[in-house]
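Colleague: Here's the letter readout for the chains.
2 protein chains.
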Amino acid sequence: MRAEIISIGTEILLGEIVDTNAAHIAAALPQFGIDLLYVSQVGDNPRRLEEVVGRAWGRSDYLFLTGGLGPTEDDLTRETIGKVLEEELYLDAEQERIVRGFFAGRGAATMPERNLKQAMLIPSARAIPNPRGTAPGWWVERDGKVIVMMPGPPQEMTRMWEHEVAPELERRADSILVSRTLKTTGIGEGSVDEMLSPLLKGTNPSIGIYARADGVHARISAKALTREQAWHLIRPVEEEARRILGPSIWGVDDQSLASAIGQMLEEQGLTIGLMESATGGAVGNTLTDYEGASTYFKGSIVAYTAQAKVDLGVPAETLAMHGLVSRETAEAMAQAARARLHADLGLGITGIAGGEEVEGQPPGTMHIALADADGVEYSHSRYYQGREAAKRRAVLQGLTLLRRYLMARPQGLVR
Amino acid sequence: MRAEIISIGTEILLGEIVDTNAAHIAAALPQFGIDLLYVSQVGDNPRRLEEVVGRAWGRSDYLFLTGGLGPTEDDLTRETIGKVLEEELYLDAEQERIVRGFFAGRGAATMPERNLKQAMLIPSARAIPNPRGTAPGWWVERDGKVIVMMPGPPQEMTRMWEHEVAPELERRADSILVSRTLKTTGIGEGSVDEMLSPLLKGTNPSIGIYARADGVHARISAKALTREQAWHLIRPVEEEARRILGPSIWGVDDQSLASAIGQMLEEQGLTIGLMESATGGAVGNTLTDYEGASTYFKGSIVAYTAQAKVDLGVPAETLAMHGLVSRETAEAMAQAARARLHADLGLGITGIAGGEEVEGQPPGTMHIALADADGVEYSHSRYYQGREAAKRRAVLQGLTLLRRYLMARPQGLVR
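Chains A and B, in that order, give the protein sequences. Residues in the first sequence are numbered consecutively from 1, following our numbering. Residues in the second sequence are numbered consecutively from 1001, following our numbering.
Please note that a few of the clues may not be correct.
To be verified - Stretches of chain A that chain B covers, calculated by requiring three or more beta carbons in the stretch to come under 8 Å of a beta carbon on chain B:
#: 1; region: 27–33
#: 2; region: 89–95
#: 3; region: 158–168
#: 4; region: 254–266
#: 5; region: 298–311
In short, the hints are calculated from the structure, not lab data. All C-beta atoms, glycine included, are put in the ideal place defined by N, C-alpha and C.
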């Protein structure tokens, strides 16, 4: 099956929005055995839109169109599909009822008449429900080909995709591709490749190795007639890969490092407090993106000045002797965070996010320490690609130290 | 001038990376009087790549290609341009010297021979320097048309764009389009439109009104033969728009709310400290993304638990009487932040980022207070589209309260 995606809207061509819908659809298609061959973006211009959709209809089995479903004259996607397929648009009574109901439900006395456009269909189309907006999608089927038309706003598009389009594609798929991603940290891409080499020869499942911002990922993918059969193929390979990579694996699939750590803290019944300097609150911000954070996250003291560090528990002598940006200060910060926030663990980060050298150390230098009741562990890094990147890298480094600690505890998950 | 962008790489079609290069180029083209008509993404497939590049060469004046410049056999962009233009690739001695020098500079003893591919040119191409990577770009010119070929990694592409490609496009432009964006907060899109209606009739400069995450933007754009002439057209309209919108304007062009606030704090010689709860450190993280933060940002106490709030200066009675998520607690947090961090201003935020109702208030509820030596100001919001969005909205709301306060001070910028 050959597919193509067409993203419609002049605001994309003006660079005012980045088209994330195409990447969302692209990432999902392989699991249904659909090959994506082209992605295009085109503006709200009737002639060019018709040209692009017409060419796609001629050469592909599946067309995924997003955008151009609004109520204004500029929104031409429906009309364009009608023209390419030479079918007349008509007002569908059921869809009219739904669109009017959407306005009534929002307390609007009347619906602007131009919204009626959104209740139109063509004979080959059935409407796809869109509970998050007024424009239903279309599932068009003719001549053995399919056009899936979806709204442009990502929250409407992704909802329609997950609940309506993806399940239908799965029902129709001849084969299903299922993947399991193992996320590792602490070993390089080449080493992972070498360690997994006995497993890399197979073609089903196949394994791909990818270097990503949060470590090296190993993705095991299997193709089968059903989802169950695919998992059956993946399972023994996954077990073997887990045995080989062992504690380097910190998570799977969509899991983030923050949620993986959150789970471990929860399971081990531990709490944590932070004292941050150069990261300005970024570590706390990352840890609290995970829903269960309030059970283990006590807080973070962002002490940006020397005075604040001392006021909040870092000994003045440590700062005087070793400087603001030093191993000793990071360790004292970790201990102060633990004490002040009554937490089992304290994490301290001090460094230089940007600007100029401090105490002879370049921007991007980060000292990171983790304290428990018995002592302190330390880690450091030096990475500079601008201020925001330096902060992000420090967060990753801090979370990696924390994870390593949690893995090494006797009551840890793996040992 | 008609342009199109082609982003090349199978990883884009697999949804593994989002193509931000196209949006970067798209946003820049209008200023050079170049109309972007099509954007396409295509994989590393020789036949389809040739088809897409060939069609573009036939119909457009400017082609911008990114990606596919690596050293492997999959990287086909150079070969494809050669085929479409029917020109032979040759090894350029000067480029070979540069590529070899890049490896030597990184301490690599020898250059892998396959990297020689990156030193190839065709007769119609001249190399565009790429100090961030081994692959130079190509500026191809023939038959009155131009192909600009750039590397895929965004840090290499954007550097090449700003330093090499954009200046060349500006030299060649018949006319230059210059824009000034005024960013406002506190007034709706409709009101901005109405207030600026006397200015909206002109076509040069023209004004566009856009609702964005950080408020409503008014963009004034003028076209002229030179950049200076365009600014000459913009200036009186900008002055009039500034007069009308007055203190609602918080910044211009690429400025962020955090940097606008940072500037005001610096100019007014004030410092700030935060006490955050539901935002988990996100406010401090945002404020410290701005380079000068250390001159005015004292720190942030992220007190995620009731105990931490009390330990760090919120009266236990306030929590007991009014609850964790209340106006009174936000105000006490603002005062505690001010006192504990020895800051002129204290900002307190308490609320519910996600999960379930707390004390009868739904997720997304945020109470925000700002304290100075004389008293407290208060603001609240209720917005829920998931945990991360709720946190982001709270940051925006907190920064808006802070900005309003700074604007209203007698020594403020505008009054």
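Colleague: Could you run down the list of hints and mark each one as holding or not?
Modeller: Status of the hints after comparison with the structure:
no.: 1; hint: 27–33; result: holds (count 4)
no.: 2; hint: 89–95; result: violated (count 0)
no.: 3; hint: 158–168; result: violated (count 0)
no.: 4; hint: 254–266; result: violated (count 0)
no.: 5; hint: 298–311; result: holds (count 11)
The structure fails to meet hints 2, 3 and 4 from the earlier list, while all remaining hints are met.
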